[in-house]
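A.B. asks: Okay, here's what each chain looks like letter by letter:
6 protein chains.
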Amino acid sequence: MFTRINKLQIELPKSTYADANAAAAVQELLGGKFGEMSTLNNYLFQSFNFREKKKLKPFYDLVASITAEELGHVELVTTAINLCLTGTTHEGAPDITPMQNGVDQRNTYHFIATAQTALPGDSMGKSWSGDYVFNSGNLVLDLLHNFFLECGARTHKMRVYEMTDHPVAREMIGYLLVRGGVHVIAYAKALQIVTGVDVTKMLPIPNLSNDKFDAAKKYEAQGWHRRLYTFSEHDYQDVKQIWKGTHPLDGGQLEVIQGTPAGAPIPNLEAVEETFAPGISYEEFLEIAKRLQKSAGL
Amino acid sequence: MFTRINKLQIELPKSTYADANAAAAVQELLGGKFGEMSTLNNYLFQSFNFREKKKLKPFYDLVASITAEELGHVELVTTAINLCLTGTTHEGAPDITPMQNGVDQRNTYHFIATAQTALPGDSMGKSWSGDYVFNSGNLVLDLLHNFFLECGARTHKMRVYEMTDHPVAREMIGYLLVRGGVHVIAYAKALQIVTGVDVTKMLPIPNLSNDKFDAAKKYEAQGWHRRLYTFSEHDYQDVKQIWKGTHPLDGGQLEVIQGTPAGAPIPNLEAVEETFAPGISYEEFLEIAKRLQKSAGL
Amino acid sequence: MFTRINKLQIELPKSTYADANAAAAVQELLGGKFGEMSTLNNYLFQSFNFREKKKLKPFYDLVASITAEELGHVELVTTAINLCLTGTTHEGAPDITPMQNGVDQRNTYHFIATAQTALPGDSMGKSWSGDYVFNSGNLVLDLLHNFFLECGARTHKMRVYEMTDHPVAREMIGYLLVRGGVHVIAYAKALQIVTGVDVTKMLPIPNLSNDKFDAAKKYEAQGWHRRLYTFSEHDYQDVKQIWKGTHPLDGGQLEVIQGTPAGAPIPNLEAVEETFAPGISYEEFLEIAKRLQKSAGL
Amino acid sequence: MFTRINKLQIELPKSTYADANAAAAVQELLGGKFGEMSTLNNYLFQSFNFREKKKLKPFYDLVASITAEELGHVELVTTAINLCLTGTTHEGAPDITPMQNGVDQRNTYHFIATAQTALPGDSMGKSWSGDYVFNSGNLVLDLLHNFFLECGARTHKMRVYEMTDHPVAREMIGYLLVRGGVHVIAYAKALQIVTGVDVTKMLPIPNLSNDKFDAAKKYEAQGWHRRLYTFSEHDYQDVKQIWKGTHPLDGGQLEVIQGTPAGAPIPNLEAVEETFAPGISYEEFLEIAKRLQKSAGL
Amino acid sequence: MFTRINKLQIELPKSTYADANAAAAVQELLGGKFGEMSTLNNYLFQSFNFREKKKLKPFYDLVASITAEELGHVELVTTAINLCLTGTTHEGAPDITPMQNGVDQRNTYHFIATAQTALPGDSMGKSWSGDYVFNSGNLVLDLLHNFFLECGARTHKMRVYEMTDHPVAREMIGYLLVRGGVHVIAYAKALQIVTGVDVTKMLPIPNLSNDKFDAAKKYEAQGWHRRLYTFSEHDYQDVKQIWKGTHPLDGGQLEVIQGTPAGAPIPNLEAVEETFAPGISYEEFLEIAKRLQKSAGL
Amino acid sequence: MFTRINKLQIELPKSTYADANAAAAVQELLGGKFGEMSTLNNYLFQSFNFREKKKLKPFYDLVASITAEELGHVELVTTAINLCLTGTTHEGAPDITPMQNGVDQRNTYHFIATAQTALPGDSMGKSWSGDYVFNSGNLVLDLLHNFFLECGARTHKMRVYEMTDHPVAREMIGYLLVRGGVHVIAYAKALQIVTGVDVTKMLPIPNLSNDKFDAAKKYEAQGWHRRLYTFSEHDYQDVKQIWKGTHPLDGGQLEVIQGTPAGAPIPNLEAVEETFAPGISYEEFLEIAKRLQKSAGL
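Chains as they are written, first to last, in my numbering: chain A, 1 to 298; chain B, 299 to 596; chain C, 597 to 894; chain D, 895 to 1192; chain E, 1193 to 1490; chain F, 1491 to 1788.
Read the hints as simulated data drawn from the structure, not as lab findings.
Glycine is no exception: its CB is placed at the ideal position from the N, C-alpha and C atoms.
Honestly, I wouldn't trust all of these hints.
[As the list claims (entries may be wrong)] With a straight-line cut-off of 16 Å between C-alpha atoms, the simulated EDC-like cross-links for lysine to aspartate or glutamate are:
#, chain 1, residue 1, chain 2, residue 2
1, B, Lys353, A, Glu270
2, A, Lys294, B, Asp536
3, A, Lys212, E, Glu1203
4, D, Lys951, D, Asp1132
5, D, Lys949, C, Asp794
6, E, Lys1436, E, Glu1447
7, F, Lys1702, F, Glu1774
8, D, Lys1184, C, Asp834
9, F, Lys1547, F, Asp1725
10, B, Lys305, A, Asp235
11, C, Lys808, F, Glu1723
12, D, Lys908, D, Glu1164
13, E, Lys1247, F, Asp1585
14, E, Lys1247, F, Glu1773
15, E, Lys1486, F, Asp1725
16, C, Lys814, F, Asp1585
17, C, Lys653, D, Asp989
18, F, Lys1691, A, Asp235
19, A, Lys217, A, Asp250
20, F, Lys1691, F, Glu1745
21, F, Lys1545, E, Glu1447
22, D, Lys1134, D, Glu1149
23, F, Lys1545, E, Asp1427
24, A, Lys201, E, Glu1479
25, A, Lys218, A, Glu11
26, E, Lys1393, C, Glu883
27, C, Lys650, D, Asp1108
28, C, Lys797, E, Asp1390
29, D, Lys1095, A, Asp235
30, E, Lys1199, F, Glu1723
31, E, Lys1410, D, Asp1132
32, B, Lys353, B, Glu568
33, F, Lys1545, E, Glu1475
34, B, Lys499, D, Asp1092
35, A, Lys57, B, Glu568
[Stated by the list, open to error] Facing chain D, a subset of chain A residues (Cβ under 8 Å, in silico):
#, residue
36, Tyr17
37, Gln253
38, Val256
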């Protein structure tokens, strides 16, 4: 089971301008083959389908707890896309064509299918697919896959970072480069424990340190790259048997934290009248409020 | 953010025989257009993308908290599929063709891609797709969609129930018919509050009461159909403004419960040597155990 | 614009037994790459997008009028699938598993997504796709495509005929082999008129006469292979400039008929209670009847 | 069966300039999940697969007759896209790059796959899919789906209207907002008759009247929003039992018209030499004309 | 079996400027339904699956040998795309957004998934699919398909030629128009031999001679349009029984050449540091060089 | 460029019985995500798109030469599928339903779309997709991917081996387990040379030696697991700098062979009259033979 907390993993800056094509590119990090939907669902299904959960508990605990963190990453990328999109169009009667700024943007689904918010699809509008989930059940092969997947995801994040300097996108990618880096190392360590091969010596892949990215350096300075959270109040404690010793790149002490980061408020996305979202007039709102307050339903 | 609890929503019976084609049919309830992956991701994205979360907090809280429950439903269906598959093949050297029972089964991905476990795909092996997510941002339209989606999902559950009497599948579907019924009514009530139209009078769709299904009747007798859980320790409390009054079908008192059901142990899936899952020999296990216990990594 | 007539192109025999796998195979002729959905939509889009409709009116008229016939072919294959499926399951309370016969059938969508009726997909359950529409706008190339498409469609029909002897499937395929043969020749003649090359000399492709198929021979004996219908009360008369002379295979006189064949009654598909279709109880029916008869709505 | 009339439902204005990206956006209304291909095919398959056509004739008649109207809507959107595209490129020898204006446009299929005409795909070039057809066979559920589908389609139309002021696109969308509105209400009324719930009170969804759209207001002024056509010379007359009483938004008298609207001429799409469409030289045309006029074929 | 030669079929000019949208359009000729991936894989599978290879050896030899040439065409289009993309972005630290030029380009996969190189997808980023392979096994039908496929491919090449004057794209398309023309005629001749119908009289389709394209005229002047290569040292010699006589358009003598064209050097694609490709630092390179030179592995 | 040799890599046994469902399962090894189409196209595109081919020549040579071997693997799996399918149906007039054995088989495309031959799709009939190609351009990441891909492919081969004991399937898989093993080690060695990490110590993945598979043991006894072929007459010689030293599993001496294995005859697939393949009657054959022998075409 999962429970939900009404917080975002980190605080995102207030967006000061819209950049719909940056938002379209960032979609790759959400719904692309190497996006957060993919890391989430790979680990979700691998943990559900894990054979010998008890005997191999530290490995199960690792995959299971990272899954929960990935849900928050999906949330974070989604929110960043929403903030990058905000303000692309303007209010006005339909006949003045208030959404004309949408017609030349790369991802028209943002304007027609959603109210200028994020979609479970990639930078070309292709929907995320269950095809992206790999789960052989063989422990070494699945860990190897996850290690590869995280390195691929890191590469895509680095490239999208280089494609846009929108402050919201940058902040989000900076943070995720660091947290993704934790997952790269965690799977490398798991592989080492299972096979005896020192996979961490390959890192980083690609060969560019996170601290070359200003927005990531900040989070590394705060030690985020050395902490693994269980994202559970009580469970998954045996990740400690994997996440231990020192960080292979900066030598700092690794640390497991039971639970989640403190989190930050979720930005309130305001109404965008020209999209009819949420599409509730003042009068309707008053009616709704009355019905909500009745003690026994309608 | 989300956190994870190492429990299943309910206890599933021990599987006493394998039925791979039943498992294949049950996949529709997991990765089909109306499967749990769809309800999960619809509400996940709708809650992330919700415009005017504060002003319309009860509705946001409703979608957000049901999302967390759906994660547990995905887990439950996945586990049921795993249990239905267990035992289809037998152990043995490759040359005695130990997986020959797989070759005529409907879903060969179960045998080649996974270690006889579940996939994010449907009853024909088609992968779940982000295309199945609807999120217009318009409150009425999204609620109407969710109401329709839950009625469609209920129909599919009823039909798969009629297609197989495998005890694990039956138990799982019985429970989900009841919990899905809660969501049907919750969205109906939300629609009523927003529009004033008494949508619950349409129910049930299809017109067959849950209590015609033995495996569901049990859960209704326990009152599961009258309880909405917040699936959050502290948040989403305003679902109380929607989930209130009486149950439209049996007239019982509706109740909101902060948090989750008690849950039950997750079945341990045993190794299936002929699939190489997890593929760890006794000697390797001893080596791994040693490495896990070292204090500072490798 | 199109208008509709509540008739089927021919009468289908009453189905005396169910064969769900035959129905699944027949789906290829409906929603496969060479199925009736493909011929329909190719000609639909080609006729809408036709450049120089006036100057090249006979060719436009040909494509436009065949489009309307194809709508009836989609109807006919759909109906045949429905009849082949009827009776696969039996009535009964859900707990007696009344749809257990569905769980081992090849196409489970027939049992879960529909009420044992047809889908716009192929023999493997893959949905029909707009990718199957070809429309270059170049007259010779589009005619060449259509000629190829009809020959491919004929091949598929011949093979499905050989795979099942279900009387409903046979009757339908027999008729469509003949009508499809008319379209093969029509496009061959159009190509001849445009390019001067005597394409009809290639026929039949594959090299097996329709009269080797008992179910088709009957329709040829009635002359269906020599008649082209305009499927329009007044329009598309210039097909006469293409459909003229003699039949290249039997030398009979070709004939254009303004309008449609006489048609036959559409079979009434009975309720299948275990699928909840249509899912209207006797009491509900009485209520509905009352509301239908009120003079001014509700 | 269907028959065809060589007319468009309404007259579209002559296009005075090309806007290929507007055309690309309009594709969503043709081949998108909520486009006219979807409404058409949902009703086509629902009417073919309808169980108890006789007992529930008014509902069957409703779905069946709207299907025929949707064919004309597909035609109308297709034609509008064609007109918006016309003139994007210019004539000239290949070496002067006469189609260079195509290379930066959003939908390159318009320039490579077609002769600057419409495709059965959406605003991102994704092909229409049979996945978009819903047909459970359960009457209430199918009507609920159709009601939702029409509301979703209306939302998309409203947004595309706001994205482009191209006169052809506007005229087409204005008309379809009105006709789509008829279908919204028709399905709402059908739902009311079956379930007793007054669904029309939810309307309009989204909450913005058609008369806020100049191009739609014109058609409402002419009463198009109060008329349901049978699109059949003789059949489907029992829609009168559903389409009766007053219009829920303006109170006007509802009316069923046997047959179709008068219609208007289909615009002749001229040759576009740089696309080789239709690609017939003057000399070839003379040869063709001769062959067409021979009395007995070639 | 196949062997490889480290050469390109022709020399491509050095690219003097980047045009990422031209590269995006050219992708249609690589991974589109009528791109080189399609011709390659159609002939690959048709030759593998050919029934009666011995009895119908000349036809088998034709399909088999063209397959090998198509591999080189895939290589050529891929290389051209790479050259068109080169230089779109610039070197620099991630924080200066060195890939910002990528964010507004049509195909963002070029920038995120690859290191500004080609993908097996089309001009809208849609991946090539095995659906594009046709292989009925019926000789006439497969030849007819191939003839149609090559005509369609020619049409697409002509249109992309008209969309961009990038020198690399032009050179590549010019050559392929000529070689594709050889395949059109080869399949036409094969059809003639099998059916007796003089299909070459339809040519060219579309009706515009290759010599209207400067970049193609050059290759025709060198006689490339009259030569069929076996692309095999010893095998497939019976293509001579098909590729014989005179060229249907210019009357020149046809010629079969055992083996391949001379070929030209493959351009060396330089490192693009901002994409981390190949991502090997100078120090790493020295280490690698040492390991490569050790005599017995590591 | 590539050239073709009319031989198969090894001799396959004569098929003594048909097993269409075994053939359907084997399709996963051809057109599945981890099938030979995937290894082929990954290396094809990686070699075409390789940055710094000269500086990193041994790695380019490795990927380029394996590509050519993979073409032969695609051929081998295709041929094995064809042999497993042969004999499923029987000859006879259409009315005796000669292909009735096809209607219950898992993959109906084998019977309708092809003449009982192989398709570029997987064990569920899903077509191979360009989505399966990974090509980041980063050398370490691409090698890591290839290493993972080959391990995944090995897992799938092992499982299909366990699912069927059809002699043709077994022979083919035995050989490919050995050759795939070579590629696993080759990419492991390449990774070691680039990163210094001894990846071969992870092997085998899954942890079961090839010699546990009788059909593979034979090939290992012949030393196939120690030889890397360049599949080129002259090029790609620098693979010697990677493929050197001893085999990590059996300690044997590794060897690079310029060129290809000797190869074996390609089985002649006989006509299957009931599929109309090749569909040439005796009389037609005589006509064709005459036309083929004319000295100057038709």
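A.B. asks: Given the hinted pair A:Lys201 and E:Glu1479, is their alpha-carbon gap at most 16 Å?
C.D. replies: Holds. A:Lys201 to E:Glu1479 sits at ~14 Å (cutoff 16 Å).
A.B. asks: Holds or violated: are the alpha carbons of F:Lys1545 and E:Asp1427 at most 16 Å from each other?
C.D. replies: Not OK: F:Lys1545 and E:Asp1427 at ~36 Å, beyond 16 Å, violated.
A.B. asks: Are F:Lys1691 and A:Asp235 close enough, with their CA atoms no more than 16 Å apart?
C.D. replies: violated (33 Å)
A.B. asks: With a cut-off of 16 Å on the C-alpha distance, tell me whether F:Lys1702 and F:Glu1774 pass.
C.D. replies: violated (51 Å)
A.B. asks: Holds or violated: are the alpha carbons of A:Lys217 and A:Asp250 at most 16 Å from each other?
C.D. replies: holds (13 Å)
A.B. asks: Mind checking the alpha carbons of A:Lys212 and E:Glu1203 for me, to see if they're no more than 16 Å apart?
C.D. replies: violated (40 Å)
A.B. asks: Between D:Lys1184 and C:Asp834, does the CA-CA distance stay at or below 16 Å?
C.D. replies: Given pair D:Lys1184, C:Asp834 holds - Cα atoms ~14 Å apart, limit 16 Å.
A.B. asks: Keeping to a limit of 16 Å between CA atoms, is the pair of F:Lys1545 and E:Glu1475 held or broken?
C.D. replies: holds (14 Å)
A.B. asks: Can you confirm whether the C-alpha distance between B:Lys353 and A:Glu270 stays at or below 16 Å?
C.D. replies: holds (10 Å)
A.B. asks: Given the proposed pairing of D:Lys1095 with A:Asp235, does the C-alpha separation stay at or below 16 Å?
C.D. replies: violated (49 Å)
A.B. asks: Decide if the proposed pair is consistent with the structure: A:Lys218 and A:Glu11, CA atoms, cutoff 16 Å inclusive.
C.D. replies: Measuring from Cα to Cα gives roughly 13 Å; hence the hint holds.
A.B. asks: When you check the alpha-carbon spacing of E:Lys1247 and F:Glu1773, does it fall within 16 Å?
C.D. replies: With Cα atoms ~14 Å apart, E:Lys1247 and F:Glu1773 stay inside 16 Å; holds.
Violated hints, in rising order: 3, 5, 7, 11, 13, 15, 17, 18, 20, 21, 23, 26, 27, 29, 31, 32, 36, 37 and 38; the structure is consistent with all others.
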